[in-house]
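Number of protein chains: 2
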Amino acid sequence: MSQITIASITLPAYYDKARNLSNLLKWMKRAADSSADLVVFPEQVLQGYLPDTLSWNGDVVSWQMAQAEVIPHGESVRALLTKAHSLNIHVVFGMTEHHPQHDEVLFNSAVLAGPDGLIGVYRKVHQPGDEKHVYYPGSDFPVFDTALGRIGMLICYDKVFPESTRELALKGADIMIMPTAWGYSGDGSLGDADPMVDSYTLFGRIRALENQCWMIESNLCGQHGNLHYHGHSRIINPRGNIIADSGSEEGMALATVDVRADIRAARSTDYLGYFFLKDYVPVSAPASPLTVFNRHAQPLGESYE
Amino acid sequence: MSQITIASITLPAYYDKARNLSNLLKWMKRAADSSADLVVFPEQVLQGYLPDTLSWNGDVVSWQMAQAEVIPHGESVRALLTKAHSLNIHVVFGMTEHHPQHDEVLFNSAVLAGPDGLIGVYRKVHQPGDEKHVYYPGSDFPVFDTALGRIGMLICYDKVFPESTRELALKGADIMIMPTAWGYSGDGSLGDADPMVDSYTLFGRIRALENQCWMIESNLCGQHGNLHYHGHSRIINPRGNIIADSGSEEGMALATVDVRADIRAARSTDYLGYFFLKDYVPVSAPASPLTVFNRHAQPLGESYE
Numbered sequence: 001m002s003q004i005t006i007a008s009i010t011l012p013a014y015y016d017k018a019r020n021l022s023n024l025l026k027w028m029k030r031a032a033d034s035s036a037d038l039v040v041f042p043e044q045v046l047q048g049y050l051p052d053t054l055s056w057n058g059d060v061v062s063w064q065m066a067q068a069e070v071i072p073h074g075e076s077v078r079a080l081l082t083k084a085h086s087l088n089i090h091v092v093f094g095m096t097e098h099h100p101q102h103d104e105v106l107f108n109s110a111v112l113a114g115p116d117g118l119i120g121v122y123r124k125v126h127q128p129g130d131e132k133h134v135y136y137p138g139s140d141f142p143v144f145d146t147a148l149g150r151i152g153m154l155i156c157y158d159k160v161f162p163e164s165t166r167e168l169a170l171k172g173a174d175i176m177i178m179p180t181a182w183g184y185s186g187d188g189s190l191g192d193a194d195p196m197v198d199s200y201t202l203f204g205r206i207r208a209l210e211n212q213c214w215m216i217e218s219n220l221c222g223q224h225g226n227l228h229y230h231g232h233s234r235i236i237n238p239r240g241n242i243i244a245d246s247g248s249e250e251g252m253a254l255a256t257v258d259v260r261a262d263i264r265a266a267r268s269t270d271y272l273g274y275f276f277l278k279d280y281v282p283v284s285a286p287a288s289p290l291t292v293f294n295r296h297a298q299p300l301g302e303s304y305e
Numbered sequence: 001m002s003q004i005t006i007a008s009i010t011l012p013a014y015y016d017k018a019r020n021l022s023n024l025l026k027w028m029k030r031a032a033d034s035s036a037d038l039v040v041f042p043e044q045v046l047q048g049y050l051p052d053t054l055s056w057n058g059d060v061v062s063w064q065m066a067q068a069e070v071i072p073h074g075e076s077v078r079a080l081l082t083k084a085h086s087l088n089i090h091v092v093f094g095m096t097e098h099h100p101q102h103d104e105v106l107f108n109s110a111v112l113a114g115p116d117g118l119i120g121v122y123r124k125v126h127q128p129g130d131e132k133h134v135y136y137p138g139s140d141f142p143v144f145d146t147a148l149g150r151i152g153m154l155i156c157y158d159k160v161f162p163e164s165t166r167e168l169a170l171k172g173a174d175i176m177i178m179p180t181a182w183g184y185s186g187d188g189s190l191g192d193a194d195p196m197v198d199s200y201t202l203f204g205r206i207r208a209l210e211n212q213c214w215m216i217e218s219n220l221c222g223q224h225g226n227l228h229y230h231g232h233s234r235i236i237n238p239r240g241n242i243i244a245d246s247g248s249e250e251g252m253a254l255a256t257v258d259v260r261a262d263i264r265a266a267r268s269t270d271y272l273g274y275f276f277l278k279d280y281v282p283v284s285a286p287a288s289p290l291t292v293f294n295r296h297a298q299p300l301g302e303s304y305e
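Line by line, the protein sequences give chains V and B. At position 39 of the first sequence (counting the first as 1) the number is 39 in the UniProt record's numbering, and the numbers step up by one without a gap. At position 189 of the second sequence (counting the first as 1) the number is 189 in the UniProt record's numbering, and the numbers step up by one without a gap.
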């Protein structure tokens, strides 16, 4: 497919799964009406993200446990996959997943589906704050071959870590998709001058640029739990330029792009002039207190059947 | 040492080693007069950077070969080390080094010296364009324990690659120092709107922020060879904020900072709230055409005696 239309949606989430589902279905239709081939939604937009990540709350964990769904058999997940089929589009959305055989095991996941059904799931690897107590970490950054290109996913805090998107790029990703719940540091009264908007922009642009891949970000808006969200769902090209931005309110970033042509341009003559991945040199650092890492949690089962 | 004063110098280079040396000595004195403990200079500021990196030119290689010096015994190197001793300061500067036993082997190197003499040398790993034909690549990102903190170095194009500064951070660097020759994409008439200034800023800020380390950048200014340079030598704190900038003309970025206090703040509560290095997860990607790398050139000798 030479040209595709990408829609990245900013919308609020509620602690009301039926309401969230209804909004997702409505926006899928709107995006399809704008000729979107790919529609991207925020992190945990189905059940609602944690009210904050800095204080453990047993009620919150119980609520997430009760609201979690199995992929792809959960009722809401089936409704979203059916909609993608009927609209003939691809969709990425964030949700709380529970393991099919171990329903006390939760993941913070992103689902990728196409017209023919489920394509793949990404389970968030890097967990900020209280997520460490609620979710199992993912153990892989998979890349999926789709009719739109090779798609890899990451979620929110993953983008702080260059290794996340580097792994996707080295595995051949064309499009990196990031559902997120990236809040203001305060109550949002600073608007785009809030330092968390600045860091969001820096990280988003650089992950596209340093890997010369597309980066599609979808963020929440409004107050949700104790956090305030700044939206700015974006489509960023392989030179690190923001080519579409939803703004900070409910809405859509929309662009029609030639995925491969812009990657080829970025990796040959168009920007800085070199193919960065060709000169990749892995990190070589001895074990130390600063090299602790915990990609320890082997998945309990990779099957989504 | 609790507080230190850092000076990062923007200056032009000439294809005239005596003139460059004289400028370096003059700026070391000026910086010391401003109470600098650490003075940083651009890439290859001693012999002058390649006139461009996109066309091989045998005369240029011969000239670099003739102008190269051994570290620390070369005449200009000794003059700079003597000056650091007499001023009681640390200094970093870029130069063309030739190997002590294999004088046809050139490196694009950064020298770190203190009041007591040579501390260490970094040989550029990532080589853009024609550098690949002129210089041996370095094979390591060393970190040196100094009276000012743990110092690691990178040079110019290295900063496009997140692995460069990640390795320094994982090895415990407090201060990452980058001599560079980062040109405008054009003739400089766009000023700071030139896309190469934008990429310079993005990469500089993010390498500090994602590693929560200090990043000190020193760049050339003026026309040199076929390239135009934008200056903007900078001191960037561990939250990715530019706290001092030289501007685009010959001059000095100067700041007095508490190196460790700002690192501790960045890695605890001050920004995003987490210690990113603690959650480092290495890249895990299978071999592919995109994972070619060439940290192949084992140094011919690591001794600087």
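You may find that some hints are simply not true.
Because identical chains cannot be distinguished in the list, a pair is counted as satisfied if it fits within a single copy or across any two copies.
Simulated crosslink set (EDC-like; lysine to aspartate or glutamate; CA at most 20 Å straight-line) [as the list claims (entries may be wrong)]:
#	residue 1	residue 2
1	Lys83	Asp37
2	Lys278	Glu131
3	Lys171	Glu249
4	Lys171	Glu69
5	Lys29	Asp145
6	Lys17	Asp198
7	Lys17	Asp145
Treat the hints as calculated values from the structure; they're not laboratory data.
Problem - Within, between, both or neither: Lys17, Asp145 at alpha-carbon 20 Å - result: Classified as neither: same-chain Cα gap 30 Å, cross-chain 55 Å, threshold 20 Å.
Handout entry: Homo-oligomer pair classification [Asp145, Lys29; C-alpha up to 20 Å]
Key = neither (24 Å within a copy, 59 Å between copies)
Exercise for the section: Could you figure out if Lys171 and Glu249 sit no more than 20 Å apart (CA to CA) within one copy, between two copies, both or neither? Expected result: neither (34 Å within a copy, 42 Å between copies)
Exercise for the section: Evaluate Lys278 and Glu131 at a C-alpha cut-off of 20 Å and name the case that applies: within, between, both or neither. Expected result: between (35 Å within a copy, 15 Å between copies)
Handout entry: Copy assignment of Lys83 with Asp37, given that the CA separation must stay at most 20 Å
Key = within (13 Å within a copy, 64 Å between copies)
Problem - Within, between, both or neither: Lys17, Asp198 at alpha-carbon 20 Å - result: neither (31 Å within a copy, 42 Å between copies)
Exercise for the section: Could you place Lys171 and Glu69 in one of the four classes (within, between, both, neither) given a Cα distance threshold of 20 Å? Expected result: neither (29 Å within a copy, 42 Å between copies)
Checked against the numbered hints above, the structure violates hints 3, 4, 5, 6, 7; every other hint is satisfied.
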